[in-house]
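Engineer: Going line by line, the protein sequences match chains A and B. Residue numbers for the first sequence follow my numbering, so the first one is 1 and each next one is one higher. Residue numbers for the second sequence follow my numbering, so the first one is 1001 and each next one is one higher.
Hints in this document: simulated from the structure, not taken from any laboratory. Careful, some of the hints might be misleading.
Claimed, not checked - SDA-like mimics (lysine to any residue), calculated; alpha carbons at most 20 Å apart, straight line:
{"#": "1", "chain 1": "A", "residue 1": "K179", "chain 2": "B", "residue 2": "C1004"}
{"#": "2", "chain 1": "A", "residue 1": "K21", "chain 2": "A", "residue 2": "R71"}
{"#": "3", "chain 1": "A", "residue 1": "K137", "chain 2": "A", "residue 2": "R93"}
{"#": "4", "chain 1": "A", "residue 1": "K179", "chain 2": "B", "residue 2": "C1036"}
{"#": "5", "chain 1": "A", "residue 1": "K179", "chain 2": "B", "residue 2": "A1025"}
{"#": "6", "chain 1": "A", "residue 1": "K154", "chain 2": "B", "residue 2": "A1025"}
{"#": "7", "chain 1": "A", "residue 1": "K126", "chain 2": "B", "residue 2": "R1072"}
{"#": "8", "chain 1": "A", "residue 1": "K154", "chain 2": "B", "residue 2": "E1019"}
{"#": "9", "chain 1": "A", "residue 1": "K179", "chain 2": "B", "residue 2": "D1048"}
To be verified - Partial selection, computed: residues in chain B whose CB lies under 10 Å from chain A:
{"#": "10", "residue": "E1019"}
{"#": "11", "residue": "A1051"}
{"#": "12", "residue": "D1060"}
{"#": "13", "residue": "I1064"}
What the hints assert, rightly or not - Part of the chain B face toward chain A, derived, beta carbon under 8 Å:
{"#": "14", "residue": "P1014"}
{"#": "15", "residue": "L1043"}
{"#": "16", "residue": "L1046"}
{"#": "17", "residue": "A1063"}
Ideal placement from N, C-alpha and C gives every residue a C-beta, glycine not left out.
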Amino acid sequence: MRDVAPSADEETDLELITRWKAGDQRAATLLVERNAEAVGRFAASLGAKGDVQEVVQDTFVRAFASLDSFRGDSSLRTWLFTIARRLLLDRRRSERRRGEQLEIQDDDAVTEYDPLDTVVAEETRKRMHAAVARLSKTQREVFMLRVSEGMSYKEIADVAGTTEGAARVHYHHAMRSIKEFLDE
Amino acid sequence: MNDCPNGDIRDLLPDLLHERLDSAARRTVELHLASCADCRAELALLHDVRASLRVSPGLDLAAIGAAIPPHRVRATRVWSDWRIAASLMLLAAGAASVAVLNRSPAPSTVDITAVAAPSVPSAPAPMRADTHAVAGGVATPMSSQQPDKSVLPERTRELASTRELHVVDGSLGDLSETELTSLLKEIEALDALPSTDVESHAIAPIAPTRGGA
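So that you can see chain A by itself, here it is in the shape it has in the complex (with noise of 0.2 Å):
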């Protein structure tokens, strides 16, 4: 049901890609503005913190640095996600060893930024935060990149590790919390 060609912004992160292999730093810059403001949207709603920015350049630094082996099968945005997670899952294991709090708070996520968003009222978008707050981790995970980003259940599966069934399974599960949660 999906249209099945890339789309134009696709293909122009793929010629953003071969612009700066050529030496156009220029294209690099136009792919963070580009992708940067998701990234770290993603990164809040995994719960990065007062860390987000760091993650965020980490994880371009690096993906630049092994674009070479970026093949365009997927996104570049699926990519830098998939990157970011790692990164994000790195940091959790070493604070663990460290003994630092690594434990996400839920509301961690959708709190760390107010966002101005005036269309929106404000009463909503706390109740809107507080039912999201209440998902799992995974759960949160997959209904952000399905619902903030807008990706297919076979793009967060790359993402986030899993399968597409499992990842259409857990959006299915934290639309009913959501509803469940707005209903009470």
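With the hints as your guide, set chain B onto chain A.
Structural biologist: Same frame as chain A, but now just chain B:
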């Protein structure tokens, strides 16, 4: 808020929200939405959730862009390419060798006419009394088929004409016990390399061995 029983349509609502549906799928979903209050409510919920969650993380994009180093082609990559090519060539040569070896006769095949000729010493050697003596050669009386002498080298033709032993394209398992015994004797005689000191090579008769070869 209830769930619409049409799971396929519900699966497509986030794609509709992000405008990732082709025209046919979009039309299908919109037709369904026109008659399904549950799906309309779920789409509105998705819209609110998305608007609430799509907050800016407040990144310094310029700093991130500045941290990305220029693209560099690694010099070691060239060497690794050469190593890969060299490895592939070695593998190909190995495979070719194996193929050639596999096409050669099986090791169990005994072709006396092929092996006897180069083994025959040029100088006369002590002969065993119980063999049909051939100049410099070894022979054991055995009844077998004769080779096509016209295509054999002269020396081999001579051997083949005087010796009866000739096993071609057969395996040792095809020989009878008597033939095997005779063959073993012949092999023993082959070990007697020509020597300049004839007197030191007094060869004692060898008792036939059975199954010990």
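Engineer: If a hint holds in the structure, say so; if it does not, say that too.
Structural biologist: Against the structure, the hints come out as follows:
no.	hint	result
1	A:K179 <-> B:C1004	holds (13 Å)
2	A:K21 <-> A:R71	holds (13 Å)
3	A:K137 <-> A:R93	holds (16 Å)
4	A:K179 <-> B:C1036	holds (17 Å)
5	A:K179 <-> B:A1025	violated (25 Å)
6	A:K154 <-> B:A1025	holds (18 Å)
7	A:K126 <-> B:R1072	violated (47 Å)
8	A:K154 <-> B:E1019	holds (17 Å)
9	A:K179 <-> B:D1048	holds (12 Å)
10	E1019	holds (8 Å)
11	A1051	holds (5 Å)
12	D1060	holds (6 Å)
13	I1064	holds (5 Å)
14	P1014	holds (5 Å)
15	L1043	violated (11 Å)
16	L1046	holds (6 Å)
17	A1063	holds (7 Å)
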